[in-house]
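Got chain S sorted already, so can you dock chain Y onto it with the hints?
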Amino acid sequence: MAAPTRTVAPRPDHPVLVFWRVMKANPLSLFGFLLVAVIGITAVVVLVAPHLLVPYAPQQETGAIFASPSWQHPLGTDALGYDAYSNVMLALPLDLGIGFAVAGSALLLGGTLGLIAGFFDTPGTGSGWLSLSIMRVTDIFLSFPSLILALALTRVLGLGVGPTVLAISLTWWPYYVRLVRGEVLAVKHLPYINAARAAGVTEGRILLRHVVRNVLEPVVVFFTLDVGTVLVTYSTIAFIGVASRYPGPQPEWGAMLGYYQQTEPISAYPWLILAPGLAVFVTVFAFSLLGDGLRDILDPRTRRAFVRSVAPHEPPKEVPVAEPGPEPAPPTGIGASDPGASG
Amino acid sequence: MTEPVLDVQDLSITYTVGAGVFQAVSGVSLKIFPRRVVGIVGETGCGKSTLAQAIPRLLPEPPASIGSGRIIFRGTDLVPLPKRQLRMVRGTGIGMIFQEPLNSLNPAFRVYDQIVESIQVRHYREMGWTRSFQGGENPFDYSKPPITASAATSLTRAVVPAGAAEELVRDRLQSRSDYRREVLEYLRLVRINDPETILGLYPHELSGGMRQRIMIAMALSAKPSLLIADEPTSALDVTIQAQVLTLMKELIDEVDAAILFISHDLGVIAETADEVGVMYAGRLVEYGPVAEVFQSPRHPYTKALLRAAPSTYKSEGPLHSIAGSVPNLSRPPAGCRFHPRCPLVQEVCRGAPPPLDPVDPKVPKGAEGVHRSACYFAAEVPTLP
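Residue numbers (this note's numbering), protein chains in the order written: chain S, 1 to 343; chain Y, 1 to 385.
Bound conformation, chain S alone:
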């Protein structure tokens, strides 16, 4: 008869190591992470020390009109002689900030309302009515196309970056309410929530710890993708000429696109249209890849699966059991701890 054995699981690795392995297993999301990092660092540099990356001021006349791309003007110059590359770079912090501001405020407001509407939805009680009202107001907002609604709101709130960001934010949160509420409804009836309740955990703690942690993954992924979507929406509004103006002291990609397509024939100077267009595209693309990568990181199941599939991981091994008791015996006697004594 074989000696009794017990299974010893491999020890968990350091989180940084795990992160690196997941990234190595999924090169595309690694690319996304790097791209977002580069975009973020660039934005900070442009904000803090613009002279390092931006050769010209936004409305500085270079003397050359419709110059072709060259070392001096990497993306050429426009009809007024402004350097396109400088303007694209100067727009980066603003556009990124708009993306995070709108998606972030929508996440906070919509996420909170969604948690409440999903978790406290017992019909017939006060909380049931609250959740019902939240959902109906959400539905009313969702029944308008958000772009049209945001445009209409800018008429009321006024022109410029601030009012437009506010207008988009006001139309953006209902999607988060729907998403978070749906996820909460799926999670709240799972046995582990009831098990936590049976253990005497308070409802508030169940919501903030158990539920939030389990709905976090799809919400964070959606948020990351959403930063890109906000960017596109803002650019669309700016393209029409409502939000930001170009040329102006603070350039913006959507406004640049709108100005260039009105003033320059695209066949003659394609690089002018391509510059802000490509900037929007690359930023949105980077955040999409980041979203996919986050999905893998946040879910412990896929995270471990990745680790196992890539790293030459120590498999669970069978080791002989010292004694049938519940605890390994402490080394009390002489020679009991000597590894050579047994074999």
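Hint data in this document are derived by calculation from the structure and do not stem from the laboratory. Keep in mind that a hint or two might mislead.
Stated by the list, open to error - For each label pair, taking beta carbons as the anchor points, the in silico distance ranges come out as:
no., chain 1, residue 1, chain 2, residue 2, range
1, S, Thr-125, Y, Tyr-124, 25 to 33 Å
2, Y, Asp-256, S, Ser-127, 22 to 30 Å
3, Y, Tyr-124, S, Leu-53, 51 to 59 Å
4, Y, Glu-380, S, Leu-132, 53 to 61 Å
5, S, Leu-142, Y, Tyr-124, 40 to 48 Å
6, Y, Tyr-124, S, Ser-143, 40 to 48 Å
Claimed, not checked - Here are the simulated DMTMM-like cross-link-like pairs (lysine to aspartate or glutamate), alpha carbons at most 20 Å apart as the crow flies:
no., chain 1, residue 1, chain 2, residue 2
7, S, Lys-188, S, Asp-121
8, Y, Lys-83, S, Glu-61
9, S, Lys-188, Y, Glu-61
Just so it is clear, CB atoms sit at the ideal spot from N, CA and C, and this is done for glycine as well.
Leaving out everything else, chain Y in the frame of chain S:
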């Protein structure tokens, strides 16, 4: 005579689903005394899980609702309690082990976090930082004044010498390493090898048997005075079932809790319980010491159930089944609910439901721990095949 930990009196529970009202549990009375193990056995749908979840009031209400009856836990009726106070009973008062070890652990938390949460709930209540259930006359009174960590520190620093103060504060506060030590203790209690490694693993990295052990450790770490095990072995395969069952049997002797053990498996109940209740269609039909009930059943249903249980050791031709089918609980049969399938049925069985009376006519009706049967012809049951 000691007070029972749990005294369920004439409990009825209904589910309102659509237009139908299902009488899941009807008029069940049950007493559990300290350190006793009571088993409830019955077919799927007989109301045993509903009963188990109704005791700590974990049933979703609605659709479930407690129609009548009292659930007296350590002297306090739980039925009229508001949600806030019910929560203080759960965990440290009544602990629960669920049927599905796969889904009863939070997939996003490591084993350590799952168990430490339960320990924290108990610790905070013991310290008086959160209110807790005390039982008795004023169940929600503070037994100690609430002492916060900072209050304890400032208080002791001013009055007592430094060393003594430290010790006092250490009594009241638990550091991370204290929690870790306690978690390890409970993992060892449920016979988990290499607990230091298991601590850091997620539920999906554990086997079904391991997960059920973690569940048991979680429930025990709150030190409940009543532990309800709702089919703890049913979702496991046979060899793991045996392991978990052995563990449960060993723990029954080690922990200071009364246990309500729900199962559809007669063998499991026979091995673990001191007393057994047999449920049929929402009613308790027979109750008594395990050996008596299983060796000389006094209700036709129990008799048929025991006959239908396949034996591992002998093959005696075809398997037996009980003729007829389980009644629809939205329109249960009048009188004894087993009468449409009963070989001993007479006119009286269709009238009033038979009371759960002692089978021995000499025993007084209110006696504790005696063999009882809800059958008008209990004396004739032994003559059945």
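Hints not upheld, ascending by number: 2 and 8
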